[in-house]
Each structure stands twice: as structure tokens, then as C-alpha cells.
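Those sequence lines, one after another, are chains L and U. Residue 797 in my numbering sits at position 196 of the first sequence; the count goes up by one each step and never skips. Residue 739 in my numbering sits at position 138 of the second sequence; the count goes up by one each step and never skips.
Any given hint might turn out to be false.
Said to hold, decoys possible - Taking lysine to aspartate or glutamate and the DMTMM-like style, the derived pairs with C-alpha atoms no more than 20 Å apart in a straight line are: (1) L:K732 - U:D611; (2) L:K732 - L:D656; (3) U:K674 - L:D611; (4) L:K674 - U:D611; (5) U:K732 - L:E660; (6) U:K674 - U:D655; (7) L:K674 - L:E660; (8) L:K732 - L:D785.
No lab work stands behind these hints: they were computed from the structure.
Protein chains: 2
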Amino acid sequence: MAAADQVPFDDRGLAFGDGVFETVLMRDGAPLLWPRHRARLRHGCRTLGISPPDDAALEACWQPPASGLEVLKIMVTRGSGGRGYALPERQRPRLLYRRTAFAPARSRWRGVDVCLCALRLARQPALAGIKHLNRLENVLARREWQSADIAEGLLADTDGNLVEATAMNVFWRADDAYWTPPLDASGVAGTLRAALLEQGRVQEAPLSAETLLESSAVEQLFVGNSVQGLWPVNALVTPRGRRLRRFAEAAGAPLQADAHALLGYPTLSRED
Amino acid sequence: MAAADQVPFDDRGLAFGDGVFETVLMRDGAPLLWPRHRARLRHGCRTLGISPPDDAALEACWQPPASGLEVLKIMVTRGSGGRGYALPERQRPRLLYRRTAFAPARSRWRGVDVCLCALRLARQPALAGIKHLNRLENVLARREWQSADIAEGLLADTDGNLVEATAMNVFWRADDAYWTPPLDASGVAGTLRAALLEQGRVQEAPLSAETLLESSAVEQLFVGNSVQGLWPVNALVTPRGRRLRRFAEAAGAPLQADAHALLGYPTLSRED
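So here's chain L without its partners, still in its complex pose (with noise of 0.2 Å):
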């Protein structure tokens, strides 16, 4: 699989969002946690039916080495097709990626504020977890709020349940330990939280959105990803600003160091 830089008008990827992608933080020339970025990758392709690309090709997208930290994000579509919606009989698939040197938002390592978006996620168990190409929800959800005060924007499905944030997953402290909610009907399943389920870091359980607003067992919150760590969440506000509720401290919690130590970020202090 030969790497684009650009697509032609009957790209399937461009098309109708047939492809998948992955955005993976890349320090001193290496990619941190490859190979759940491949897996879900990999996973990813196969749901939708796409010959996925082999590890030289992968390999590529990281040559030659740089210094210091960089993002890489690779997509891979299903390539040129006709005009309906039925595959191509011979599918060549593209590859493209683009490296963008990096700085993490560290001030967002202490708290943020986040916002409840209005929107639901729509519940479709034949694309959940995969990080495919079809992304209005999430593009519809980041519209809903301007101000730079909100650092990210939660978001629930039809169901009411909880699911994810807009770029990240979403993580709560309850009854002593850490949670994430179960990403079977819609939502994107993260790296990072993908690590920190198999190492017990954090079990999956439900929350509602009401649950959520109400409920004091809902102690601390987190939204994080691969590429920006953990940041704990100060208050839930609307996306106008208007405040629904705290949350108690959580810079320098125990889920954040395990989160940073999986990506070589730092370990705050209680007291910093």
C-alpha cells in the first residue's frame, strides 16, 4: 500500500467516510502505544471490510525519525470506487499520514472545565469503538461551544448514557476505584483507556448523564486520550458557561500517573 498525500473526487473515503484513522503521539521518533494503535486500526479495517495495511507499510509513516514529540496521523480509506454504495470488485486501498511537531496542553494537566453538549450520540453497535472516518457527531458537538474556558465537551447517547467526550474518553471515581463507561453502542474505544483497562487501572460500568449531575458518589472526573493524557475536570458547566456542578481535586491522582506514565508524561504532585 503505496502512502497519498491528497485524494482523488472517487475516493470511498471521501465519498461516504469509508476508512478509518488514528492519531498517535510519537516521541523521539518512537510511537507510543503502537500496538494498540495497530490493533484498532486492524480492527477497524475488518469491521468495514478493508484490507488492512501491513507493518512495513505502518512502519513508513514514522521514517525518518525527528526529535522531540510530534503527532502522527495515519488514515486509511478504502480507496477509488464507483459511484454507489457496493465495493469496488478490486479494492486498492490508500494509506496517508502527516507528522505535526507537538506540545501537550500542561496547564491542562491540573483541571478543566468541561461542558454537557445537547446533542446525543446515536447508538449504532456496527461502528462503535472503532475510530472510523464518519465523525459529524463529534464535529456537530464541537460547534456547540466557543469559549477557550471549556476545555472539552461530554457527550451522552439517545439512551441517556454516558459515553465520551468529543476527542476523548471519559473516566470517574466512585466507590474507591476509577471507571469508564462501555463504548458497545457507540464512541470511540481510546488507547489510552484501552491500556488502563487491562492493566485494572479502571473497570467500565454506566453512568447516566443525570447520574452524572446529581450524584455525590461521582467523586472526581477525567477526560483524556493518547495524545493529551489525563486532565482532570474542575466543573461541569453548560456550553454557555453556566456551572452544574464540582468536582472534587484530582490533579495528581493515582489514574493520572498511571495515564502519564504510559506516555512519558510527568507525574504531578498533590501540591504543585
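Use these hints to put chain U onto chain L, whose structure you have.
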């Protein structure tokens, strides 16, 4: 808005399916049902917050005129953007189009078999009706059958309501009238459907997939769009071809004659 024939890596149509499209039947250089296509394109752009192309940019899509039948496909994307979902500060939408010589599948005007797909459409009122570029559900549904004897696949939503076919709208005859499902939670509101609704030839009514399968009140069934015209359905089958039920003969039915008059296609006599 200048027209392009490819898009770069950072185009949001490619990255997120952040855009809309139209597929227009052209006869001797003139687009059919054009005011409806233009209206849906602009409504879709407004729904997503994309500045729509003006008349001059759209009319350039069919210059120079050609004779005979063509299909004109138009795409509008939000244009280039950064890595995240936040809108670029300055949006420069892209317009892309392509015209292709076309011949309708005339034999299908006499009747076809269609399958009932296993995939259920997610319910997302924020995106329902518009012809956006997030079409993975249609792609997955179209993968469910391979047989050339199956002309289309019907789709119900996660609540069990009939919605549409993978690339067509659905109509049925019951109680001496013609009906089509409301599209307030999923599906694409076709331009042929819109014209038939406005002319009072069809009315909206919900229909569960269960009723479609079992009720003799549903006498005739049709699938159709503004490019292919209206196909009467002889039989509903599974994706593997097992017959689920038959419908009454409907080639030459008044609804087909009305649809074909809108598209310049012939009216079939009952005995053709």
C-alpha cells in the same frame, strides 16, 4: 468557491465526512428536479454550518452542456482544517463535481426483488434527512448481499421502523393511497420523494419492518430515486435470497407514472 477534482490530506470532508453531496440526473444538459437538489444541498450546508456554494458555482457544474443522459455528482466539504474537530477560524469550503454518462436500469422498472438488511440505522435527528458524507451505514448495508438478483436492500432503524433503501427511498400502497416513512430520525430525504410529497401523490406514515413483512394491508411496495426512477418490488427476500413475502404487481402503477413524468422516463403500460 472554485471547483477541485481532488482534496488534500487536511480536507475535513476526507477527515470527518464533514460535507454534503448531491447526485443529479441530467438530460440533454439540463438538471432534473434541480430546485430540490439545490435546496437540499443548501439545507445540508446550513445544518452543518458550512457556507453553501452560490448559483453561479453550481451552474458551472453542468457546463458545457452534453446531449443524452448523465449523472452529475456534486460534493461540498468544509475545506481544510486542523487536526481537531474545532472549526477552522476561516472556512474555505471546497466544491467538487463530476459528470458521467448514464443509462437507467430499464428492466427494473418492471419489478425487482429487494432484501431486508440486518443492519439497523442509528437514530440521529441532528443529521436526519440531509445527504451528508457520513455514509458508512449504507456501505455496511450494501455489503450484506452479493446476488445480482437483489436490486436493493431495505433498512429499518434501531426502533424497528422502516426508513429507506441503501440508495433509494421507499413507498408502499395501502388503503387506496401511497405512503413513505417520515425521515425525522434517520435516512436521506430524496428529491423524488420530496416532489411526490409536495404534489400530494404520497403521504408520510410510519411502518414497522414487522408490519411490512406480515400485513396484507401493504399491497404494493416501491423503491426509487431521482436517478433511476421507481422500481416496483415483486418480492422481499433475505440477503441470501430466501423469499419473505410477495407484493402485488405494480409496474405501470399511477405512482410510477407520476415519478417517471418528473424524470422524463416512460410510463409503462400494465401489459408491457
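Hint check results:
1. Among the hinted pairs, K732 (chain L) with D611 (chain U) is consistent with the structure: their alpha-carbon atoms are about 17 Å apart, no more than 20 Å.
2. With a CA separation close to 19 Å, the supplied pair K732 (chain L) and D656 (chain L) stays within the 20 Å bound.
3. Using a Cα cut-off of 20 Å, the hinted pair K674 (chain U) and D611 (chain L) holds, with the two alpha carbons roughly 10 Å apart.
4. With a C-alpha separation of about 10 Å, the suggested pair K674 (chain L) and D611 (chain U) falls inside the 20 Å cut-off, and the hint holds.
5. Taking the CA atoms of K732 (chain U) and E660 (chain L), the gap is near 37 Å; set against the 20 Å cutoff, the hint is violated.
6. Between K674 (chain U) and D655 (chain U) the alpha-carbon distance is near 16 Å, which keeps this suggested pair within the 20 Å criterion.
7. Taking the CA atoms of K674 (chain L) and E660 (chain L), the gap is near 13 Å; set against the 20 Å cutoff, the hint holds.
8. Straight-line distance between C-alpha atoms of K732 (chain L) and D785 (chain L) comes to about 13 Å, which keeps the hinted pair within the 20 Å bound.
Hint check: a violation occurs at hint 5 only; the rest are consistent with the structure.
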